[in-house]
Structure formats: structure tokens, C-alpha cells
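Colleague: Each chain, letter by letter, is given below.
There are 2 protein chains.
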Amino acid sequence: MPQNPLTLFVDHQFTSPYAMSVYVTLREKGIPFVTERLDLGEQQHQQTAYRQQSLTARVPTLVHEGFALSESSAISEYLEEVFAPPTFAAAYPQDVQQRARARQVQAWLRSDLMPLRSERGTDTVFIQPTTTPLSATALQTADKLFRVAEQLLPAGASHLFGNWCIADTDLALMLMRLVANGDVVPERLKTYATQQWQRPSVQHWVQQPRT
Amino acid sequence: MPQNPLTLFVDHQFTSPYAMSVYVTLREKGIPFVTERLDLGEQQHQQTAYRQQSLTARVPTLVHEGFALSESSAISEYLEEVFAPPTFAAAYPQDVQQRARARQVQAWLRSDLMPLRSERGTDTVFIQPTTTPLSATALQTADKLFRVAEQLLPAGASHLFGNWCIADTDLALMLMRLVANGDVVPERLKTYATQQWQRPSVQHWVQQPRT
Ligand SMILES: [Ca+2]
Ligand SMILES: [Ca+2]
Ligand SMILES: [Ca+2]
Ligand SMILES: [Ca+2]
Chain C
1 MPQNPLTLFV DHQFTSPYAM SVYVTLREKG IPFVTERLDL GEQQHQQTAY
51 RQQSLTARVP TLVHEGFALS ESSAISEYLE EVFAPPTFAA AYPQDVQQRA
101 RARQVQAWLR SDLMPLRSER GTDTVFIQPT TTPLSATALQ TADKLFRVAE
151 QLLPAGASHL FGNWCIADTD LALMLMRLVA NGDVVPERLK TYATQQWQRP
201 SVQHWVQQPR T
Chain Z
1 MPQNPLTLFV DHQFTSPYAM SVYVTLREKG IPFVTERLDL GEQQHQQTAY
51 RQQSLTARVP TLVHEGFALS ESSAISEYLE EVFAPPTFAA AYPQDVQQRA
101 RARQVQAWLR SDLMPLRSER GTDTVFIQPT TTPLSATALQ TADKLFRVAE
151 QLLPAGASHL FGNWCIADTD LALMLMRLVA NGDVVPERLK TYATQQWQRP
201 SVQHWVQQPR T
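Chains as they are written, first to last, in the UniProt record's numbering: chain C, 1 to 211; chain Z, 1 to 211.
Hints are not guaranteed to be accurate.
Pairs count within a copy or across copies, as identical chains cannot be separated in the list.
In silico SDA-like links for lysine to any residue, alpha-carbon gap of 25 Å or less [unchecked claim]:
| hint | residue 1 | residue 2 |
| --- | --- | --- |
| 1 | K144 | P17 |
| 2 | K144 | D112 |
| 3 | K190 | P5 |
| 4 | K144 | S111 |
| 5 | K144 | M114 |
| 6 | K144 | R117 |
| 7 | K144 | Q46 |
| 8 | K190 | G121 |
| 9 | K190 | T137 |
| 10 | K190 | D123 |
| 11 | K190 | I31 |
| 12 | K190 | V63 |
| 13 | K144 | T130 |
| 14 | K190 | V82 |
| 15 | K144 | T48 |
| 16 | K190 | H45 |
| 17 | K144 | S118 |
| 18 | K144 | Q207 |
These are calculated hints, taken from the structure and not from any lab test.
Chain C on its own, in the form it takes in the complex (with noise of 0.2 Å):
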């Protein structure tokens, strides 16, 4: 074990979808670290001593030898560089255009989707599911997703690309937010999404204590 394991400031919840990624990028890579965890409600984030850190004052930000870094998409191609396959598991494919996909998708998923990730926030996949029906332009959004997905998933796939990458499990995430509030999601999607799930890498992040 190393003296000075890197550190990831995460929500007190365990809810942030951009923190979740990192931690299973860095249990996927088999990368010893400590959590620290955030109340965003108490507005620890915007502490200073965090803030001079994170720039941003958003979570997750890792340390890593003194060097902190954010944005959970930075963060794992950071991590990709430093801890690279094949010494440490791959997080990204290794195909140029595979690769390119799989930021794509990233990126996308930050970026889009505002109506299903305000209305199935992951509190509802967390913590509480909600009762509450979706809207007509959730909906919508929500049609969207599963379009793009069933693009992507290969038939028959367990994996966008073959093999794991970092984007399954951003994609999964996204796809539950639904799945875990009795919304109707394509069998096939369920299927991807649920089996993702059982990753021990993500399990782990799934089974922290919340109360």
C-alpha cells in the first residue's frame, strides 16, 4: 500500500453520478484510495480550503500527489494515462474510434437528457424511488436515450465495445435512473443496465451506507 493513496472527494450521499463514475473507474483499475465525502446541503463544497482545490467548487475532485483535479470525464482519462493498461485495467477502449465513441457518449450524457436527470434525479436510484409519473417532455427525453442506446448496443452486446469501458457504466446509470423507478425501458436496455449493476465495482458504490 502506498503512503499516500490518492483521494476522492465524492457527496456525503453517495449520490453524484460524476463522482460514482470515478470510484468505479478507480476500483476497476484495482487503485488503492480513500473517500471523502462532501455535504452539499451544509455547503462544504464551497468551503475555501475546497474550493482552492477543486477550482469549481463541484465534486468529485481527486488528489492525486498533490495534484487535484475535476470533472469526472477528466478525471478518468487522467487516470487512464497515469495508471494505463495494460499494467492497470483498460477504462477506455483501445480502438481510436472506439475510444472517440465512448467520450462521445461521456460527454453526451453531461450534456443532455436536462428533463429525465432533473425529473429521475439519482436520489430515486439511490436512496428513494419516486412515485411521481414522468412528463410528457421526459418522456420524450426518455425516447431519446433509448434511441441513441439501442444505436450503440451492438444486439446481443454486454458491453458498447466489446469489453467494459467507463461509458457502460455512465450509460447504465442513465438507463436506471428509469429502471429503478418502474418506468418503462426496451427489455434490452433493462437487460444492459441491470447487468451492469452487478459489477462488484459498481455494487460497491451502490452498497455505501446513506443514512
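Chain C is already provided as a structure; the job is to place chain Z with the ligands on it using the hints.
Modeller: Using the frame of chain C, we list chain Z with the ligands on its own:
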């Protein structure tokens, strides 16, 4: 000149900050490409042929030898891998930590600062400035932008990381949303943004016909 140059799909009015980002990467690298303009108001991005290429019906999309890719940061990363330095100009820093920080900046500018992006749309930068004052929320957002940019930009520096990278262009555009509309911007940041704006690659985009 290659027989099949790259094709970049952009919005009809050349106002998408993400299309601009890829456009600038292509020009900095000196890669021949053609632009195809989609009238978003006429829903041309929702037409089946485009949707099948872009997957998500967003601009920009780059098509390179039959491979269609969307999401501007994913496209610039792809171009950096396929048209790599030192044969082509670098779009990202070579240092691992600086490259990580550039990715952080790109991801942050694409997922935060919403009130500012909304009240200072890029039409006010490229077509017609607005005289509407910023709301209190947008002013707070501008303060966050200034605080982060001032921490990122070394004193006296013209670029974030020594040499130009695509995160400079993205950050400059975010600042120009304010500069172009006469909003208050700290002098050092105003100088930085205005200098970045003068790069030939950026001016080539700025001076596109928009009528
Ligand atoms: Ca940081
Ligand atoms: Ca808790
Ligand atoms: Ca695409
Ligand atoms: Ca026009």
C-alpha cells in the same frame, strides 16, 4: 488535397460554440475540411439522414472517412489522436497534468455557468449584441467564471498552459460572451480573451457570412 476531405456539420448561422471549437482545432492543425450547414430552426438536424450519423441530432458532427462523431470535446480528442503532434499542431498540452486540466476546463465550460450561457447566447457575440442587463444570478455566475479563470491563467500569460490549446479558445469564447456585450470583465481576462480572439483560426470562424 485529399479526394475525400473531412466534413464538419455546423449550425447554419455559425453560432454554436461547440462547432466553433472543432472548427478551430481543424484550422490550427491545418487539416483540409468542408463545412455543411444545418438550419436548426428548420429542424434540419432532426432529419433522419443526419440523425443516423450524429446519433444525438446535435451539431457539430465530424465525418472522417465514413466515421461520424459528435460532441466537440470528443471530436477534438479524436483529431489529436489521428492528426497527432508533432506532424500536426497540438490541440492539447503534452504534459499529463496540463492535459488533464485542459480537459477539466473543456468539461466545465460545457456543463456549468448556465445563467451566463443563457443570458449571453452566442448570437450576442457573433450577430448582434444585447443591451439587456445581466440578472443577479448571471452576475454571480460571471464572478465564478472570473475567479476560476484568474486562478487558471498565470500572471502575464497569453495562454493557460504555455502554448495555445483548444481550452484557450473555449475559455476565451465564454469570456467574450461578456466582453462583446460591454459587460464588466477584469482587465487581465479581457486582454486574454481579446488576444485569443485575434488568432487566425478563430477569426476565420468569426468572419463567416451570417446573413
Ligand atoms: Ca481541480
Ligand atoms: Ca450519508
Ligand atoms: Ca456520431
Ligand atoms: Ca447564415
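Colleague: For each hint, tell me whether it holds in the structure or not.
Modeller: Hint check results:
For a Cα distance limit of 25 Å, the shortest separation of K144 from P17 qualifies both inside one copy, at 20 Å, and across copies, at 23 Å. With identical chains, the CA atoms of K144 and D112 are at most 25 Å apart both within one copy (10 Å) and between copies (23 Å). Within a single copy, K190 and P5 get their C-alpha atoms no closer than 36 Å, and across copies no closer than 40 Å, so neither meets the 25 Å cut-off. Proximity of K144 to S111 under the C-alpha cut-off of 25 Å is found in both arrangements, the shortest distances being 14 Å within a copy and 20 Å between copies.
In this assembly of identical chains, the alpha carbons of K144 and M114 lie at most 25 Å apart whether taken from the same copy (12 Å) or from different copies (22 Å). For the homomeric pair K144 and R117, the shortest alpha-carbon distances inside one copy (13 Å) and between copies (24 Å) are both at most 25 Å. For the identical chains of this complex, K144 and Q46 are inter-copy neighbours only, at 11 Å across copies versus 35 Å inside a copy, given an alpha-carbon limit of 25 Å. With identical chains, the CA atoms of K190 and G121 are at most 25 Å apart within one copy only, with a shortest distance of 18 Å there and 38 Å across copies.
Taking CA atoms no more than 25 Å apart as the test, K190 paired with T137 passes inside one copy only; the shortest distance there is 21 Å, against 39 Å between copies. Proximity of K190 and D123 under a CA criterion of 25 Å is satisfied intra-copy only: 19 Å inside one chain copy versus 41 Å between copies. For the identical chains of this complex, K190 and I31 are neighbours neither inside a copy (30 Å) nor across copies (42 Å), given an alpha-carbon limit of 25 Å. Proximity of K190 and V63 under a CA criterion of 25 Å is satisfied in neither setting, with 35 Å inside one chain copy and 31 Å between copies.
Taking identical chains as interchangeable, the C-alpha atoms of K144 and T130 lie at most 25 Å apart only when both belong to the same chain, with a minimum of 22 Å there against 34 Å between chains. With identical chains, the CA atoms of K190 and V82 are never at most 25 Å apart, being 34 Å at best within one copy and 35 Å at best between copies. Taking the closest pair of Cα atoms, K144 and T48 come within 25 Å of each other only across two copies (13 Å); inside a single copy the shortest separation is 40 Å, beyond that limit. When the C-alpha separation of K190 and H45 is checked against a cutoff of 25 Å, the pair qualifies neither within a copy, at 34 Å, nor between copies, at 28 Å.
Within a single copy, K144 and S118 get their C-alpha atoms as close as 15 Å, and across copies as close as 23 Å, so both meet the 25 Å cut-off. In the homo-oligomer, the alpha carbons of K144 and Q207 never lie at most 25 Å apart, since the shortest distance is 30 Å inside one protomer and 35 Å across protomers.
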